[in-house]
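**Q** The listed protein sequences correspond, in order, to chains A and B.
All residue numbers for the first sequence refer to our numbering, where the first residue is 2 and numbers rise by one.
All residue numbers for the second sequence refer to our numbering, where the first residue is 79 and numbers rise by one.
Treat the hints with care, as some may be off.
[Claimed, not checked] Restraint ranges, calculated between C-beta atoms of paired labels, are given here:
(1) Tyr244(A) <-> Gln445(B): 53 to 61 Å
(2) Ser428(A) <-> Gln445(B): 48 to 56 Å
(3) His481(B) <-> Pro218(A): 50 to 58 Å
(4) Gly349(A) <-> Gly378(B): 41 to 49 Å
(5) Ser428(A) <-> Leu381(B): 46 to 54 Å
(6) Pro506(B) <-> Arg507(A): 54 to 62 Å
(7) Asn223(A) <-> Val352(B): 16 to 24 Å
(8) Pro218(A) <-> Met458(B): 34 to 42 Å
(9) Asp156(A) <-> Asp408(B): 52 to 60 Å
(10) Thr488(A) <-> Val352(B): 50 to 58 Å
(11) Gln95(A) <-> Leu381(B): 47 to 55 Å
(12) Gln413(B) <-> Arg507(A): 37 to 45 Å
(13) Pro270(A) <-> Ser496(B): 33 to 41 Å
(14) Gln413(B) <-> Gly272(A): 20 to 28 Å
[Claimed, not checked] On the chain B side, residues computed to face chain A include the following (Cβ under 7 Å):
(15) Leu100
(16) Asp101
(17) Ser196
(18) Ala200
(19) Arg204
(20) Ala336
(21) Pro341
(22) Asp375
(23) Arg376
[What the hints assert, rightly or not] Quick look at which bits of chain A chain B covers, simulated, 3 or more residues with Cβ under 8 Å:
(24) 45-57
(25) 261-269
No wet-lab data here; the hints were simulated from the structure.
Ideal Cβ placement from N, Cα and C applies to all residues, glycine included.
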Amino acid sequence: MTTLLTNPLRVGLRQERVISPQCIVIFGASGDLTHRKLVPALFELFRQRRLPSEFAVLGCARRPWSDEEFRSKMAEAMADTIAEHPGAWEHFAQGMFYEPVDLQQSDHLVRLGTRLETIDRLRATRGNRTFYLSVSPEFYGSGCRALASAGLLADPERSRVVIEKPFGRDYGSAQGLNKVVQACAKESQIFRIDHYLGKETVQNILVLRFANTIFEPIWNRNYIANVQITAAETVGVEERAGYYESSGALRDMVQNHLTQILALTTMEPPGRFDAEAIRNEKAKVLQAAHLANEQEPWQCCVRGQYSSGGTAARPLSGYRDEPGVNPNSTTETYVAMKLFIDNWRWQGVPFYLRTGKRLPKRLSEVVLTFREAPVHLFDAAGGAPTPNQLILRIQPDEGAEFKFEVKAPGSGMRSRPVDMGFSYDDSFGEPSDEGYVRLLADAMLGDPTLYTRSDEVEAAWRLYTPLLELIEEAPWQLPVHPYEARTWGPAAADNLLAEEGLIWRRP
Amino acid sequence: MSAQLTLQAPLDVPPAEVTPYLDRLWKGMLEGSSGAATFTLLVWEPSWLEQQLVRVGLIDGPIRGFDRSDLMTAARQAVSDCGLPLSTAPMDPRLAWALGQKPGHQSSADLRGQVVESAISAHMPRRLITLAPTLDAGRPLETMVAAYCPLPEEGGTGAACGDAVVLRGGMGAIQQNLHLIQPLVGDDLPCWVWWNSSLDEPLDMLEALAPLPRRLVIDTSLGSPRRCLDVLVARIDAGQAVNDLNWLRLRSWRESLAMVFDPPSRRDALAHVVQLDIDVEGDHPVKGLLLAAWIADRLGWHLVASRPIPADSGSSSESGGIAAEFERTDGVSVQFRLMPVPMGMPKAHPGAIVGLRLICEPKGRPQLCVILCSESGGCMRLESGGMAALELAEELVPLPEEHEEMEMARLLSGGHDSTNPLLASAAPLAARILPD
Ligand SMILES: NC(=O)c1ccc[n+]([C@@H]2O[C@H](COP(=O)([O-])OP(=O)(O)OC[C@H]3O[C@@H](n4cnc5c(N)ncnc54)[C@H](OP(=O)(O)O)[C@@H]3O)[C@@H](O)[C@H]2O)c1
Chain A
2 MTTLLTNPLR
12 VGLRQERVIS
22 PQCIVIFGAS
32 GDLTHRKLVP
42 ALFELFRQRR
52 LPSEFAVLGC
62 ARRPWSDEEF
72 RSKMAEAMAD
82 TIAEHPGAWE
92 HFAQGMFYEP
102 VDLQQSDHLV
112 RLGTRLETID
122 RLRATRGNRT
132 FYLSVSPEFY
142 GSGCRALASA
152 GLLADPERSR
162 VVIEKPFGRD
172 YGSAQGLNKV
182 VQACAKESQI
192 FRIDHYLGKE
202 TVQNILVLRF
212 ANTIFEPIWN
222 RNYIANVQIT
232 AAETVGVEER
242 AGYYESSGAL
252 RDMVQNHLTQ
262 ILALTTMEPP
272 GRFDAEAIRN
282 EKAKVLQAAH
292 LANEQEPWQC
302 CVRGQYSSGG
312 TAARPLSGYR
322 DEPGVNPNST
332 TETYVAMKLF
342 IDNWRWQGVP
352 FYLRTGKRLP
362 KRLSEVVLTF
372 REAPVHLFDA
382 AGGAPTPNQL
392 ILRIQPDEGA
402 EFKFEVKAPG
412 SGMRSRPVDM
422 GFSYDDSFGE
432 PSDEGYVRLL
442 ADAMLGDPTL
452 YTRSDEVEAA
462 WRLYTPLLEL
472 IEEAPWQLPV
482 HPYEARTWGP
492 AAADNLLAEE
502 GLIWRRP
Chain B
79 MSAQLTLQAP
89 LDVPPAEVTP
99 YLDRLWKGML
109 EGSSGAATFT
119 LLVWEPSWLE
129 QQLVRVGLID
139 GPIRGFDRSD
149 LMTAARQAVS
159 DCGLPLSTAP
169 MDPRLAWALG
179 QKPGHQSSAD
189 LRGQVVESAI
199 SAHMPRRLIT
209 LAPTLDAGRP
219 LETMVAAYCP
229 LPEEGGTGAA
239 CGDAVVLRGG
249 MGAIQQNLHL
259 IQPLVGDDLP
269 CWVWWNSSLD
279 EPLDMLEALA
289 PLPRRLVIDT
299 SLGSPRRCLD
309 VLVARIDAGQ
319 AVNDLNWLRL
329 RSWRESLAMV
339 FDPPSRRDAL
349 AHVVQLDIDV
359 EGDHPVKGLL
369 LAAWIADRLG
379 WHLVASRPIP
389 ADSGSSSESG
399 GIAAEFERTD
409 GVSVQFRLMP
419 VPMGMPKAHP
429 GAIVGLRLIC
439 EPKGRPQLCV
449 ILCSESGGCM
459 RLESGGMAAL
469 ELAEELVPLP
479 EEHEEMEMAR
489 LLSGGHDSTN
499 PLLASAAPLA
509 ARILPD
């Protein structure tokens, strides 16, 4: 993105809600996520004056760090940011503490309770707490139990738990985990993260649909022929092979992020803009969604895995050659599928979802293709008129685009397609990608709108259960097709659409 | 927004008994309910206008202490009955004063502090203390206490409870009993003090109610401009968290102006402003000055001089405007003019903005003229005058008519514990632009 002068009149204009006095307790404080995302996001909130002065961060993990060590480790990791705001960091760091805690040792949690009381007195945080479980998923359930038995979740108004992804591995485990956490805390205290919901352009789907009157009347099966949702990455598995091998694209991207975009794109208008109304509608539409062929799921899904590619100058290794990956791995790095939604609005409209690593471009988008005009009155430059398309670009080049036919210049009445575009960049300059900042602030404010509720998570897992079972029980029916790195996935994925005479949009 | 009555009928309790009674209340009836760990809201609620309108029989009671639809209609009517200029805003303290000169002895029930606007109760104040001075200055003090629980919304979580305390009586009685306030406010929770009245009222009361670190809410559209700005600046200088409802009402103007310069292609023009004009309703310049000061501060202008523009004897406006000269960071001078325009149907508060015009002369590009017009006003004065050659960006500024209580609720939901830095920089500059 080009660097632009910021708009001086924008600075400080938003009157954001301020978080009430509290202590945020991060489990996994020595881990990767804490220094890469969480503490930087908290510092950003501090600099935006959105944290109250009565605020504290308590880092917890097993290693025996001191407060001072925790502060200096974070300072090391964030050196560049801090160099720009040294005074602010000094002020912020005064509210940072560390307590060695092993979530599996109940006496550690009792000690944690005592430490929190000391912090309450020191920082006037009034017993108000947000617990952030940034630990391995195996500790989500036991961590909640440990917190609950230490009495730390007893007050539903003053305590809440944020749970990182992934929430479960399949329908059964998600249901099990929901049971465990709901036995420890009320649903209103539980915040399940989906990072995509922190993206401004994902939130914009709701605004675009429900703040305008022109879209809703045509946002249905009468006008929309099909919908494609794509999340493409150019990167490979990088350092996360250990995690990725046991997850794959379906669990890593589709069940959560793509499904959330699907829900926002297809949900009914909520009666009001509040967390429960919105999440009710999202849960409802996900419950109505299903694979195009649940009996023979291999008919409506294609898996792929990248093989080597790139150029002579910059060769890219294949997935199976990546460090940490089993050389015979059948983990998918690409998946494409077809879904339907059985309700009045969407009956019969196919939804195509795809995601993959090592694709030619990094982008996420939703493409709504409209039905063709009933009669072709004009010659089209391309033979037949191009159907109207509305493209919502989530990243990069955030914005929206509308394709429609106009008269081609010259004599005669030939038509040709043109684009009408809205770009965040041109209109606003800086698209904000403040994912964790937004999500952390909302959790501390107790606003769950951008978090997924238990029924949503379960509906999302249920949707893909036939595929997960097939991969488990008869993987040969859903083979991983190799595709060359930096291409648009296996050819088999094209066949998914070909039967309807469609093609994937090549962005 | 609907009003919510307190949970129980308020109980008259002798002043000395208030604190012990509240202790018993929390131990007994409210046991098991979590007291909201939120804030205390202390309101100075004289409602002089409403009390006077009731007294002279222009509206019926009960007196409630917050905006009601018939109040505005009656107040507008009273403006002409009292022979005030038609551009007098209904909330202008001069109207209540003029009504005070009229005969009338209607009395009515007084529910001040007993009806909680649901926008405010939604934020669950732990304690709402209302000071309700009566027109009868010699009236003895009455104290009333009640518990309230905001009704939980459908599907919402259980509501935490709070209590409401009302101190009602003549000025003298209230002044003598100010020692009751501190124990009621306590030190555990943040306390907001809402001075819901004119800043021309005796300052010792304001000082008694709002010592640091209590957070103060005032309205600089009510009271003489110099006094309003001086109070605002003094409080900010003292390090208090001050919120000004008059400043908050500028929100849509600030937002609309920022919006004009959001497209990166326009950004450069902001460095080349040569002229700023602001039109305001009536003779109260504070809001216009705050807007100008915000722009000047954001763009790094330095104030060179300001002077009053004498009222034009031929014009219908009662007072003149203000002219000022700024210097940009590159040394070029910027001319500023604030002009009062008479309005037949003024907004509720004095000094609402009617329009704004900003003229930019970027180097090597066509001049840009930005005009923002109030949705209801129209701004012909700013649109006239040979701007055909300029690139014109004209926007309507939406003016949601919101009650004080909604503004207040928004503030409380923000929970800000320090003065907004934009206001903190704009206020002293506005005070300097206002000529003595
Ligand atoms: N990193 C990312 O970009 C990313 C992205 C999306 C989601 N997530 C999710 O976020 C979570 C954290 O990821 P991460 O990458 O930060 O993991 P990580 O680097 O492996 O860190 C794990 C942390 O947990 C602590 N820990 C381990 N066992 C513990 C126990 N019994 N009690 C208390 N603390 C314990 C570790 O510290 P000690 O060894 O000192 O105890 C360490 O601080 C995971 O659930 C992951 O799925 C991460």
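**Q** Each hint: holds or not?
**A** Structure-based check of all given hints:
A C-beta distance of roughly 58 Å is found between Tyr244(A) and Gln445(B), which places it inside the suggested range of 53 to 61 Å. Under the hint 48 to 56 Å, the C-beta atoms of Ser428(A) and Gln445(B), about 23 Å apart, miss the expected range. Range check, His481(B) to Pro218(A): Cβ separation about 34 Å, and the 50 to 58 Å hint is violated. With their beta carbons about 60 Å apart, Gly349(A) and Gly378(B) fall outside the hinted range of 41 to 49 Å.
In this structure the supplied range 46 to 54 Å is violated for Ser428(A) paired with Leu381(B), their Cβ-Cβ distance being about 33 Å. Checked against the hint of 54 to 62 Å, the C-beta distance between Pro506(B) and Arg507(A) comes to roughly 58 Å, which is consistent with it. A beta carbon spacing of about 54 Å between Asn223(A) and Val352(B) contradicts the range 16 to 24 Å that was offered as a hint. A hinted range of 34 to 42 Å holds for the C-beta pair Pro218(A) and Met458(B), which are about 38 Å apart.
As the Cβ distance of Asp156(A) to Asp408(B) is approximately 57 Å, the hint placing it in 52 to 60 Å holds. Here the CB-CB span from Thr488(A) to Val352(B) is close to 56 Å, well matched to the stated 50 to 58 Å. A hinted range of 47 to 55 Å for the beta carbons of Gln95(A) and Leu381(B) is inconsistent with their spacing of about 37 Å. Taking the beta carbon of each, Gln413(B) and Arg507(A) are about 55 Å apart, not inside 37 to 45 Å as hinted.
At about 39 Å, the beta-carbon gap between Pro270(A) and Ser496(B) stays in the expected band of 33 to 41 Å. With their beta carbons about 51 Å apart, Gln413(B) and Gly272(A) fall outside the hinted range of 20 to 28 Å. For Leu100(B), the interface hint is violated, the least distance from its beta-carbon to any beta-carbon of chain A being 20 Å, above 7 Å. Interface restraint check: Asp101(B) against chain A, minimum CB-CB distance 20 Å, threshold 7 Å, status violated.
Look at Ser196(B): its Cβ only gets to about 15 Å from chain A, farther than 7 Å, so that hint breaks. Taken as an interface hint, Ala200(B) does not check out: its beta carbon lies about 12 Å from the nearest beta carbon of chain A, beyond 7 Å. Annotation: interface hint on Arg204(B) violated; nearest CB of chain A at approximately 11 Å, more than 7 Å. Annotation: interface hint on Ala336(B) holds; nearest CB of chain A at approximately 4 Å, less than 7 Å.
Because the beta carbon of Pro341(B) sits about 6 Å from the nearest beta carbon in chain A, less than 7 Å, this interface hint is met. Nearest Cβ of chain A to the Cβ of Asp375(B): about 10 Å, over the 7 Å cut. The hint is violated. About 5 Å separates the beta-carbon of Arg376(B) from the nearest beta-carbon of chain A, less than 7 Å, and the hint is met. Counting residues of the region 45-57 of chain A whose CB lies closer than 8 Å to any CB of chain B gives 3, so the stated coverage by that chain holds, three being the minimum.
Check on the region 261-269 of chain A: 0 of its residues sit with their Cβ under 8 Å from a Cβ of chain B, so the three-residue criterion for coverage is violated.
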